[in-house]
Amino acid sequence: MDFVTFLIQVLNSVQYGLLLFLLASGLTLIFGIMGVINLAHGSFYMLGAYLALSLTQYAGNLFLGIALGLPLAVLFGLVLEKLFIARLYHRDHLYQVLLTYGLILVFDELRSLIWGNDVHGVPVPKALDWSIPLTDTLSYPVYRLMISAICLAVAGAMYVLIQKTRFGMMIRAGVANREMTQSLGIDIGLVHGFVFALGVALAALAGMIAAPVSSVFPGMGGQILIISFVVVVIGGIGSIKGALAAALLIGFADTFGKVLAPQVSGMAVYLVMALVLLLRPAGLFGRTAA
Amino acid sequence: MRDMSPGIPALSVRGLTKRFGGLLAVADVCLDVAPGEIHAVIGPNGAGKSTLINLLSGDLRPTAGSIRINGTEVSGWSADRVARLGVGRSYQRNNIFPRFTAFENCRLAAQARLPSSMRFFRPAVSIRGPQEQAEHALQLAGLDRRADLPAQALSHGEKRLLEIAMTLATSPTLLLLDEPLAGTGAEEAAGIVALLKRLAAEHAIVLVEHDMDAVFSLADRITVMVDGIVVESGDPETVRNSAAVQEAYLGTGEADHEMGAFADAR
Amino acid sequence: MGRLSPALLLPLLAVAALAAGPLVAGTFYVQLLTKIMILVVFAMSLDLLVGCAGLVSLGHAAYFGVAAYALAALSPQYEAANLWLTLPAAMAVSALAALVIGFLVLRTSGVYFIMATLAFAQMLYAFFAESGVIGGSDGVYIYSKPEALLPGGLKPFDLERTTDFYYVALAAMAGVYVLLRTILHSLFGRVLVGIRDNEQRMRSLGFQTFRYKLAAFVISGALAGLAGYLSAAQFGFVNPELLNWHRSGEVLMMVILGGMGSLYGAALGAFVLVLVEDVLGGLTTHWLLPMGIFIIAAVFLLPEGIAGLWRSGLGRRRRPAAPDPVEVATDAAAVEEAAADA
Chain Z
69 MDFVTFLIQV LNSVQYGLLL FLLASGLTLI FGIMGVINLA HGSFYMLGAY
119 LALSLTQYAG NLFLGIALGL PLAVLFGLVL EKLFIARLYH RDHLYQVLLT
169 YGLILVFDEL RSLIWGNDVH GVPVPKALDW SIPLTDTLSY PVYRLMISAI
219 CLAVAGAMYV LIQKTRFGMM IRAGVANREM TQSLGIDIGL VHGFVFALGV
269 ALAALAGMIA APVSSVFPGM GGQILIISFV VVVIGGIGSI KGALAAALLI
319 GFADTFGKVL APQVSGMAVY LVMALVLLLR PAGLFGRTAA
Chain E
15 MRDMSPGIPA LSVRGLTKRF GGLLAVADVC LDVAPGEIHA VIGPNGAGKS
65 TLINLLSGDL RPTAGSIRIN GTEVSGWSAD RVARLGVGRS YQRNNIFPRF
115 TAFENCRLAA QARLPSSMRF FRPAVSIRGP QEQAEHALQL AGLDRRADLP
165 AQALSHGEKR LLEIAMTLAT SPTLLLLDEP LAGTGAEEAA GIVALLKRLA
215 AEHAIVLVEH DMDAVFSLAD RITVMVDGIV VESGDPETVR NSAAVQEAYL
265 GTGEADHEMG AFADAR
Chain W
21 MGRLSPALLL PLLAVAALAA GPLVAGTFYV QLLTKIMILV VFAMSLDLLV
71 GCAGLVSLGH AAYFGVAAYA LAALSPQYEA ANLWLTLPAA MAVSALAALV
121 IGFLVLRTSG VYFIMATLAF AQMLYAFFAE SGVIGGSDGV YIYSKPEALL
171 PGGLKPFDLE RTTDFYYVAL AAMAGVYVLL RTILHSLFGR VLVGIRDNEQ
221 RMRSLGFQTF RYKLAAFVIS GALAGLAGYL SAAQFGFVNP ELLNWHRSGE
271 VLMMVILGGM GSLYGAALGA FVLVLVEDVL GGLTTHWLLP MGIFIIAAVF
321 LLPEGIAGLW RSGLGRRRRP AAPDPVEVAT DAAAVEEAAA DA
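Protein sequences, first through last, are from chains Z, E and W.
Numbered per the working numbering, the first sequence spans residues 69 to 358.
Numbered per the working numbering, the second sequence spans residues 15 to 280.
Numbered per the working numbering, the third sequence spans residues 21 to 362.
Only chain Z is shown next, with the shape it has when bound in the complex:
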C-alpha cells in the first residue's frame, strides 16, 4: 500500500473511531453511573440520523438541522429517563434489558411509520462539500475531516466537564461508588437524568453528523449498537479514556481489516475483543466489577 492510500485509511480509521467514541462514551457513562444497560442506544443514533434528514430538509442546512435537533434529543432523553428508566433502578439488570429491548422495537416501528423503510441520503453542507487533493487522482473529503474535528471538540468538552467541573466530580464519584455518592446527599435523580440525556444527545449527534457519510437506513441502529458495546467492553465500563482508546483501536482494526482481509474483516473487531478479554477481563481501563 503506498503512502497516500495508507494516509487515507488512517484518516478514515480516525474518523470512524471518533464517531464510535461519541456513542461509546454515552453508553459507558450510562452504565458506569446509572448501572443501566441501554440496548436502545443504537436507536438513538438512528433517530438522530432521521432527525437530521427531516430537519435539514426543513432548515435547508445540516448544521441548522443539528442545532434544532440536539435540544430535541436532550429533551427526549430526559423524558425517557423519568418515565421509564428511573422506575427500574431497584430492579434486576434484566428488566432494563427487557425494557430497552422493547424500546428498540417501538422506536424502530415509529421510524417506519414516520419515515418509511427506504434508504435516504443527507446532503453534505455546501461549505464543506469539497476535497483536499492529495495526489493527481486521490483526494480527501473535507466533510470527513469535519466529523473528526467535531468529535474531538466534543471529546475535549467532555474532558473539561468531567475533570474540571463540580458536576463532573459527581459523575466520577458516581462511577467509583454509587451508593456512597447517594448517601452523600447528592441528588442522584438529577445526575441520572442529566447523564442519560447526555448519552442520548451524544448518540443522536453521532447519527446526525454521520448521516451525509453513511446514509440513513433502517438497520443502522442495530449495526452500530453492537460495535459500541464492543468498544465499551474493551475500554472498560465507566471510563471515557477507555472508550476513546478502544474506539480508535476498533476504528483502525475495522478499517484496515476491510482493506487488507475483507473476508474476515467482520470478525476482526470481535477477535480484538477476545484478545482483550483474555488478558484484561475488566477492559483496558476498567475496574474489576464488584
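FYI, nobody ran anything at the bench for these hints, they're computed from the structure.
A few of these clues could be false.
[Claimed, not checked] Where chain W lies over chain Z, by a calculated footprint (3+ residues, C-beta under 8 Å):
(1) 152-159
(2) 164-170
(3) 308-320
All values derive from a computational prediction rather than experimental measurement.
From the three backbone atoms N, C-alpha and C, an ideal C-beta is built for every residue, glycine too.
Starting from the known structure of chain Z, arrange chains E and W on it as the hints suggest.
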C-alpha cells in the same frame, strides 16, 4: 485436644505486606497460631485488620511475605483453594445466601467439602453427608430450631451465628473470623462467645474483634495492629500492660473508649 | 407434601393437552405448535443459564444457529442425513462453540458478560454471512429432512410426516424439561443456584465456580443446538439470520417474560410470545410496535414474569414443609411468606 502434630503451627505468617498503589495497608506482619489456640487481632479503625484477614483467606493477594497453613505455603492462592485446605472464613458483614434456609446455607457449605459437585443426575437430597454436617454445625451454633427459616428472616444475631455455622459446616481446621460480634446486642454476643469457647478445643481461630470483653475472655494470645504494623503480640496480660500498646491507642486519640474497655476488661 | 406444585402440574397438563394436538388441529396449527415446542427447548436451555445460574447471555442464538449449520453441512445434497449420527454431531458442535466462547466470556461478569456474549454471537454471525462458507448470506436449503434410520432398517418415525415431527418435538420438549429439572436437583444444580445467589461466598467456601459456570454454559449450548437442529429440519432452510442478535434478544425475552428459573416459565414465555406475534402479525405489518409496548408493559406489570402470576394466584394455598432451594430461591413470594411466619 490437639489433633495436629505439636510442632507445626496451624498458621504461620512472616513479613506479610500489602500495598494498594501508594497506600501501605499491612506492613511486615508476623504471626503464629498454634492448633487449638484462639488468637485475637485488635487495633483501632484503619489498622489493617480486615486486610489481614483478607490476605489470610486468599481474598487478597499479598504484595510480599509468606503465609503457611499447617505447613503449606499458601500466599498467592485463590480464596477457593485456601478454603479447600481446611480454612473457614466468616465475614464482618453478613455474607450468606439470603434466599436459602439456614439449613440449606450450611448444607451448601458442607457440600463444598465433597470431592466433586459435578454430579448431574443423582438427586442431591439422597447424599447424606452434607446434610448431617449441616445439622451438626447448626446444632453447635444453637440454630437447629431456626434451621428451616429463610436466612434473611433471621435476626441479626442469628445471622452472625449462621455466618459461623457455615464455616463450621466445612469442617475447617483453621477459622478466620472477622468481627463475629459486629452489631450484636449483649445477649447475642454472649452466645457467640460461648460458641467460640466450645470451638477452640478443635480449631485454631484467628479472631478480629473490637469488643474488648470478648477478646480478653477468649484469647490465648493477642496481636495489636496500628496503621498496618504489629505493635505488640503476646498473651493478654503482656498486651494489657504494654507501653507500646497504650501509646499507640492514646496516640490515635479516637480509641479512648477502647482504652477504657482495655482497662476494665478482665 | 401435597403442595399444588406448578412445577409438576403445569407441564403434565400441558403435555397431555399437546399430545392430543394433531387429533384435533389442522396441519397449520400442528406445524405452528411444533415450531413453538422447539422454541421452548431453546428457551429452557437459556433459562438454565439466566434463571438458575444468573448468567445473562445475549448471544444464545449462536449455539442454535451453529447446530443448524452443522445439519446443513452434514446433509448430502439430494439424500436425507441420518438423524442418529447428525443430531449428536450437531449438538457436539454447539457444545464445542459454547466451550470455547464460554471459556472467554466467563472471565467477565455483570454487564461485561452480557456484552461479551452478544459480541461473540455477532462474530459467528459475521463469519457465516461474510466468509461464504455454507451458502454465505444467501443461506442453504436442506431438501430432505433427516431420517431416523436404525441399523437393521427400522425407522421409528418419519420426520417428513407432520404428525411424526410434532411428536418428536413434543418428546424433545418433555425430555429436556425432565433432564433440566433433574440437573437442577442434583449437587451441580445446587452449586449453580448458590453461584447465582452469592458467587463470592461460594468461592470463599471452596467451590471452583468457574468450572461450574462453564459446565452450565456448555450444557445450555448443547441443548440450544438440539433446538437449532430440529428447527433447521423443520424449515429446511438455514441462513445467517438464525444467529442474528434479535433472535438472541427474543429468546431472552421469552425467558424473562415467562419468569426466570422455573423452566416452565420459559415455556410459558415462548408460547405467549409466539402467539402474541402471530396474533399481532395478523392485524398489522407494524406489529412490532404493539409487541414492544407489550414487552414494556410486562416489565412494569409482571415483576415475576408470567410464571409469577401462577404462583401468586393458585400455587400459594398450602405451604411447603421444607422448601426445595431451587423452588424457594426462585420464588421471592414464597420467601416473603415464610419470613412473615418467622
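Hint-by-hint comparison with the structure:
{"no.": "1", "hint": "152-159", "in the structure": "holds (count 4)"}
{"no.": "2", "hint": "164-170", "in the structure": "holds (count 5)"}
{"no.": "3", "hint": "308-320", "in the structure": "violated (count 0)"}
Of the hints listed earlier, the one the structure fails to meet is number 3.
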